[in-house]
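S.K.: The residues making up each chain are set out below.
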Amino acid sequence: MNTHPYLAAAATAILFLGGPSAVNAQGLFGGLFGIRSSESEIRTQADQLASQLPQPLRPLLRKLYVEGEWNAVLNANQLGLAAMSLGHFEMAEQVFDDAIARIQAVYADESNAQAARRYWNEEKVKDFKGEPHERAMSFFYRGLLYARKGDYQNARASFLSADYQDTLSATESYQGDFALMNFLASWASHCDKDGPRAQELQRRLQTVESGGGKGPFLSTIADSPDLPNMIALVDLGRAPLKAGEGQHREKLTFQPVNPAFTPVGVQWLLPPEGDFRRLAQGVAGDVEFQAMTRGGRQVDAVLGEKAQFKDEMSSAGGAMAEGAVAMARASLSSNNRDLGAAAGLFSLLSLGATIASAMTTPAADTRSWMSLPKVVSADAVVAAIPPTERLKLKVGEAELLPILFASDAQCAIAWTPGDVPPLPREFGGDLDVETVVLQEGNRAEKNKLFRDQLTQRFQGGQQP
Amino acid sequence: MTHSIGARRTPSMCSRPSMIGLLLLTTALGGCMATGGLQNAGGTGATEIQAGARGPVSGVGIEGRDIIAMTDQMARDMLADPVLAGQRTPPRIIIDSGYFINDSAQALNKNAITDRLRVYLNRAARGRLMFLARENAAMVERERDLKRQGITDVGTVGQTRAVAGADFRLTGRITSVDARSGRTGQIQRYNQVTFEMVDLESSALVWSGIYEFERAAGDDVVYR
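Residue numbers (the numbering used here), protein chains in the order written: chain P, 1 to 464; chain H, 1001 to 1224.
Worth flagging that the hints you see were computed from the coordinates, not collected in a lab.
Everything numeric in this text was worked out from a predicted model, so none of it was measured.
C-beta atoms are modelled at their ideal positions from N, C-alpha and C, and glycine is treated no differently.
Treat the hints with care, as some may be off.
Output of the computed footprint for chain P on chain H, the stretches with three or more beta carbons under 8 Å from beta carbons of chain P [to be verified]:
#: 1; stretch: 1077–1086
#: 2; stretch: 1105–1114
#: 3; stretch: 1152–1160
#: 4; stretch: 1212–1220
A few chain H residues that face chain P, going by a derived Cβ cut-off under 7 Å, partial list only [as the list claims (entries may be wrong)]:
#: 5; residue: Gly-1059
#: 6; residue: Arg-1092
#: 7; residue: Tyr-1223
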């Protein structure tokens, strides 16, 4: 009977070692079981594949390939936006489709999501799906790519999905107010010659409360008797990044990256002799506002519970250590062996509680889509479409050809990334795409399939 | 499998530690996870509202199995309709995605629906319906020009004065209505696909069909 505390202590130690998820276990034991060599193979394959792409896209594809499903949505979004910014639209379509397929998938009874709820796994062991504003922006860019091809119906579907993402947060301060998406869905319907649907969506725009989600630009559009047929959109500034607040960084917050950034104006450069009427000009979408008003997440309660457990284990460990010392002293002074055994048991329990506290990781997942803009600035015009291959935009004082331009007899759209200010040093400098983390764990099979698909797609290079 | 979702907070999957039960707790912690006291923390698998098989990856929108089910159903219905399939002279029909509108919140390839419907109907109709390839009108026109210019011979089936005119054309619309519960994280989507055959002379709707279903699902709490 006296051996029970020792058996329990041994069982505790074994379970502590066995408890961490496969992801962590890989880190602990990967070298022993040869996972390191497979990691180097994966990295080599990634380098070979990435070498087929233009230089600026290489680190992003490398990251997408190596990090696999764990970060597929985030990496696909970043690669998609970078590809789009360079005019590689087909590639951007494919990788945004990859991201959207995962955003729309239902992650129920999913092992990595379950692992993220375990006391000693960080939230970030789960596959990334992004916060509502990030998910919305995936659909936004995909919608622009559909519009570029004149597929206004799927563009509308994408913009409606983007709008819908903003309603998925339980406690957001301003739900369903990413009014830019509603406006673009209305515009796409107008371009698809579906007048009733365009007007219905415009009326819906009128019901969105004015504020950060619907500024003067969209208020003007909402009340306009006409809808624009020419829209220019320019990404400006940098979206806020995620950070963990609280003693254990368990509460997700957003930190503005460029608080003093002032967006410049955007304007179509139309022939002066042309017949056009400007409906609205200015900030059409405020990504920073969408992120900052995200509100609490349901998972915050999970992380709060982890944080509370961590604190309680720490307190309990300290209290039991003190008790063990007191009992040991009493045992020595009274020569009471039972008290000595109890002191030993308390020492073990104290050790267990301290280890449990140390291993509990309540930190929030702060992976961020770092290349997102702070705002989308726009110019909305009613005009006869000029017969030209590409119209120029005036962004601030600069005149430039937009990266994405498409027009037909009815409508025209332009999009381009504006000047993106560098990421301040306190946020780790500019996008660190060289930091690539291999997270195989129980994803090995899915990752293999994913990498095979990437290889098939990117082998031989991609044409813009 | 439908999960019961509610607002009240329930105990976690693992009770939080008490001093007395600490040893048992620490030995059991290996598989313990936090739930934040929330119901349905593990999420809810896609719930099938209408009977039908589903694959391992399933959401709340239109999927491949829906396209198969809806086109099968519409084709059977059309073939059973005497106005379409009971005529002495097979009516000429255009089925393509030209007037098939996606008004839903799901981007999809409409050709997947109209192509399957046309192919299935063409095979099953056994001559009772004639389908016109209006999408390929330019291709047909080019070949007709070559024949008439004498660059090619006339082929083996002879010439016609003009390309065939159509009696009916398929139109349709895909719509969806989304609902969600911020409390439980469940999302629900009603999907409706309508099919209508329009008489290209009178504009009468000679046949209509509808396929509708509703699905609900919920992500794991770590995504809410």
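S.K.: Give a verdict on every hint.
M.R.: Cross-check of the supplied hints:
no. : hint      : verdict
1   : 1077–1086 : violated (count 0)
2   : 1105–1114 : holds (count 5)
3   : 1152–1160 : violated (count 0)
4   : 1212–1220 : holds (count 4)
5   : Gly-1059  : holds (5 Å)
6   : Arg-1092  : violated (26 Å)
7   : Tyr-1223  : holds (5 Å)
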